[in-house]
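The listed protein sequences correspond, in order, to chains A and B. Read in our numbering, the first sequence has 62 at position 61, and its numbers run on one by one without any break. Read in our numbering, the second sequence has 1340 at position 228, and its numbers run on one by one without any break.
By construction, these hints were calculated from the structure, which means they are not laboratory data. Wrong hints could be hidden among the right ones.
[To be verified] As a list, the in silico DSSO-like pairs of lysine-lysine whose alpha-carbon atoms are at most 30 Å apart: (1) B:K1337 <-> B:K1162; (2) B:K1358 <-> A:K406; (3) A:K406 <-> B:K1340; (4) B:K1340 <-> A:K248; (5) B:K1219 <-> A:K385; (6) A:K435 <-> A:K458.
Below, each chain spelled out in residue letters.
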Amino acid sequence: MYVARVGARPMGAAFISGMHLSATLAEPAHFSRLEIALLLVGMVVSTALFFWRFGPILRIIFRSRKDTDFSLHPVGKRVWDFFAEVLCQAKVIRQRPLPGLAHAFVFWGFLAFVLVTLNHIATPLGLSFLHPSSYAGRFYFIFAALWALLVAVAIAGLFVRRFLARPIWLGEKVSYESGVIALLIFLLMVSYLAAFFVAPDGAGIRAVWWTHTLTLLVFLPLIPHTKHLHLVLSPVTVFLKRNGFSKIPPLSGDEDFGLVTGRDVTQLISLQAYSCVECGRCTEHCPASNTGKVLNPKEIILGTRSYLNEFGPASETPLLTDTKIDSPDNPAAKYMSMEAAFECTTCGSCEFQCPVGIQHLPIIIGLRRGATNTGTWEDPHGTKLFLALEKNGNALGLSATERDKFIQKQGLPIFDGTQEYCLWLGCMGGYDPKGREIIADFARVMQHLGTTFGVLKKEKCTGDPARRLGNDLAFQSMAEFGLKALETAKVQKIVAICPHCVRTISNDWREYGVAPEIEHHSEFMARHKSLLPQQSSGESIVYHDPCYLGRYREVYEQPREIVSMAGDLVEAPRSHERSFCCGAGGGLAFLGEENGERVSHVRAAELAGTGAQIVGTACPFCNTMFRDTLSAMDGAPPQLLDIAQLTARALPQTQKAGEQ
Amino acid sequence: MKILVAIKQVPERDAQISIAGDGRWIDESDLNYTINEPDAYALEEALQLKDKNGGEVVVLCAGPERVTSTLREALAKGADRAIHIEADDLGHRDTLGLAQVLAEAIKDESPDLILTGLQSDDLGLGQTGVVLAEILGMPHATIIMQVEVTGAGLKVKRELEDGWFQHVEMPLPALLTIQSGGNKLRYATLMGIKKAKTKEMKTVQAAAPAAGQTITLERVYLPEKQKKTEMLTGTPAEIAAKLVEKLKFEVRVI
Chain A
2 MYVARVGARP
12 MGAAFISGMH
22 LSATLAEPAH
32 FSRLEIALLL
42 VGMVVSTALF
52 FWRFGPILRI
62 IFRSRKDTDF
72 SLHPVGKRVW
82 DFFAEVLCQA
92 KVIRQRPLPG
102 LAHAFVFWGF
112 LAFVLVTLNH
122 IATPLGLSFL
132 HPSSYAGRFY
142 FIFAALWALL
152 VAVAIAGLFV
162 RRFLARPIWL
172 GEKVSYESGV
182 IALLIFLLMV
192 SYLAAFFVAP
202 DGAGIRAVWW
212 THTLTLLVFL
222 PLIPHTKHLH
232 LVLSPVTVFL
242 KRNGFSKIPP
252 LSGDEDFGLV
262 TGRDVTQLIS
272 LQAYSCVECG
282 RCTEHCPASN
292 TGKVLNPKEI
302 ILGTRSYLNE
312 FGPASETPLL
322 TDTKIDSPDN
332 PAAKYMSMEA
342 AFECTTCGSC
352 EFQCPVGIQH
362 LPIIIGLRRG
372 ATNTGTWEDP
382 HGTKLFLALE
392 KNGNALGLSA
402 TERDKFIQKQ
412 GLPIFDGTQE
422 YCLWLGCMGG
432 YDPKGREIIA
442 DFARVMQHLG
452 TTFGVLKKEK
462 CTGDPARRLG
472 NDLAFQSMAE
482 FGLKALETAK
492 VQKIVAICPH
502 CVRTISNDWR
512 EYGVAPEIEH
522 HSEFMARHKS
532 LLPQQSSGES
542 IVYHDPCYLG
552 RYREVYEQPR
562 EIVSMAGDLV
572 EAPRSHERSF
582 CCGAGGGLAF
592 LGEENGERVS
602 HVRAAELAGT
612 GAQIVGTACP
622 FCNTMFRDTL
632 SAMDGAPPQL
642 LDIAQLTARA
652 LPQTQKAGEQ
Chain B
1113 MKILVAIKQV
1123 PERDAQISIA
1133 GDGRWIDESD
1143 LNYTINEPDA
1153 YALEEALQLK
1163 DKNGGEVVVL
1173 CAGPERVTST
1183 LREALAKGAD
1193 RAIHIEADDL
1203 GHRDTLGLAQ
1213 VLAEAIKDES
1223 PDLILTGLQS
1233 DDLGLGQTGV
1243 VLAEILGMPH
1253 ATIIMQVEVT
1263 GAGLKVKREL
1273 EDGWFQHVEM
1283 PLPALLTIQS
1293 GGNKLRYATL
1303 MGIKKAKTKE
1313 MKTVQAAAPA
1323 AGQTITLERV
1333 YLPEKQKKTE
1343 MLTGTPAEIA
1353 AKLVEKLKFE
1363 VRVI
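Looking at chain A on its own, in the form it has when it is part of the complex (with noise of 0.2 Å):
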């Protein structure tokens, strides 16, 4: 029994200049008993060690609470989700193309691998199944091969980037267990490839058969032990992600702050938590990061995992530490702080990046809820913020008659239920300058197409700066509010200027209720284009993607539509899906001074770098940001003008809104 097989002959086999290759590759014709036990007791001790570490890994998971809004639903989108980020690496490549190759073909040779390893194994317990001399073993073995080379190719690719070139996002510190992790993979290869090259008798091919076969039992317990774990978590985490960009899971029961404790974190955020492959690709995106600030998206899911390592997800120790004030008390001070969390912009390209399906807004959101909702956090500014919303209703803390002001200056008419559209005026469109310049002229634009639309007599705040704050209190009232005038008024369209009003209506305020069907103003004049005049003034126009209309709502090629028609577009360096914070999401528009450099400064020197004559946003929070820093610049900085601005420009003059 013990010898299953007489080995193969060397059949096909090849001398080329003195060389034996053969065009498959070679077994051990017969194992001893000792070899036998030998193979056991090394897969009993090495798959015992993967899961005397991965089983703690496994039950901290298990063992955190339970994500109560959880559902597979829509199965149909996760199974592409995994073909398409699993399988086909899709964002692995698309997003860091020569590495991303590299690590896909690593990747794509391991699933070559499985058959090969399950049938290397299972060799000398007689119970192999592809055999070398077979048609379809032969075939195999030659595919595999292929893929063995481009494997160790890729490796040392990956093992020279990250030793040599050293990429900052990777981190500071030098990984020596990736180097390891690189090294054994690369002597799987090689020990798989030289088994062709080896005659089918003798020492040598028993040699590289118990290379191969012990660089496999020395590598599956490191694999929990290190980033390597992705291997194992990632596939299941890609599978498994929230349904949805930036969700925001509903906060269950009386008990729920958000992420509070580690008895908050949920067994999506652990499962999250320990995919983290390190790559930094979240980091190297961050507006944070890239300006000097403390937060650094990477550390927040490591310092998750750090945390639940340390206490475990029964723990009552504080996630965030508020480094201004109980540092010393907190154990856990070492890996979140309260800082850092308040300084996400949720612009959402972590989210976006990372690709094992690591979620960072629920985390870092949750994190700022927990802090938020229980009145830990104390900032000036953030109070003052709140108090404006309770106060006001609205986040710039005028009152209310300054928006009826305005719409009766501007001649906007009141909603009513005749009208086609409820143009949703916002926080920035009701009461800031430039905003009401927009609204003044998207109005003319409406005028123009003809398209009935009114304003709510009373609106306040969406809630958008509260909910990422992590206010749920400011938030809950804000929607309840808009969801009940606006059914009041029957309105069945909304359209807005603002893509902040857009997502949080159409997306945030589910919890609460069913908003009407709204858009975004690009996306209503583009799908009037052919109606609004077609002048190209000639000039080149930059165009700024805001966050919460790209990455959160995917509209990237309708505000191009607007801006080519009104000029030459030109596209930032970095744009669509990889556009640049202009350091105003997250409710940071209304808090203090940053540290170290305003993310508004680098963007808008960014856009203004591209020679552009006008920077063309579509956002009044991207505009209000990009205002002060383009005036304070030296020379002759672009003009800075909404695309309903751009619309607006080309009409005839007479239809101005408000002078009728």
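Once you have looked at the hints, place chain B on chain A.
Frame of chain A; chain B shown alone:
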């Protein structure tokens, strides 16, 4: 230390006020109500004193059913108990009558300190606290910016005219009427609202108003709007200085 905070609920600042049919009060339908601003600062002062010195904060509010929302908010911000004095006719009670109602409702409480806002945003009489102190036989101080507990007594900072302040030491128990802006207000939190649900809210009935009130309300009316334009003259520096003064002391926006 037991601190009692007397709160009033008033129409929101942005509210479009109209006069009721009988011309003797405002039309209360379709109005949104909120905490009287100086009372919010009185509550904040009480909560900060409790944070520093320990003790209990009890909030007190007279009015119809709707005032319980303001009491709930006060509980959410950190008050321990609430007393709701049910009365639907506050507009027709004079200050003395109201102060008597408040005094009656707290006769078993024996607080160390009573705080109120210095005046209400709607009527602006500024007397309720003072009259209440008189009825209870307590010393009082008005327009208070800062409070410090010193052993058995208090050290308070009063705001006087023209940027002057007065520092007063006084014994306990005492009543203070609090000026707006002395502290930073806290925001309401979800946790606070949830906790507030389990806190005690006692409802007592206000006694019928005594016959022969000292003050009777004859008529309420909206202020007649007038637009006044004044040209400032002088050098730019002088104009700027005058403008700043007017913005500070006449328009009171900076």
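Next item on the list: Mind checking the alpha carbons of K435 of chain A and K458 of chain A for me, to see if they're no more than 30 Å apart?
Entry: holds (21 Å)
Check: Quick one, are K406 of chain A and K1340 of chain B close enough, alpha carbons at most 30 Å?
Finding: Distance ~19 Å between K406 of chain A and K1340 of chain B Cα, so the pair holds.
Next item on the list: Below or equal to 30 Å on CA atoms is what counts here, so check K1337 of chain B against K1162 of chain B.
Entry: violated (44 Å)
Next item on the list: Would you check the hint for K1358 of chain B and K406 of chain A, treating anything up to 30 Å between C-alpha atoms as holding?
Entry: Roughly 24 Å between the alpha carbons, so the hint for K1358 of chain B and K406 of chain A holds.
Note to self: With the threshold set at 30 Å, check whether the alpha-carbon distance from K1219 of chain B to K385 of chain A stays at or below it.
What the structure shows: Given that 30 Å is the threshold and the Cα spacing comes to 37 Å, the pair is violated.
Notebook entry, point to check: Going straight from one Cα to the other, do K1340 of chain B and K248 of chain A come out at no more than 30 Å?
Noted result: violated (53 Å)
In the structure shown, a violation is registered for the earlier hints numbered 1, 4, 5, in ascending order.
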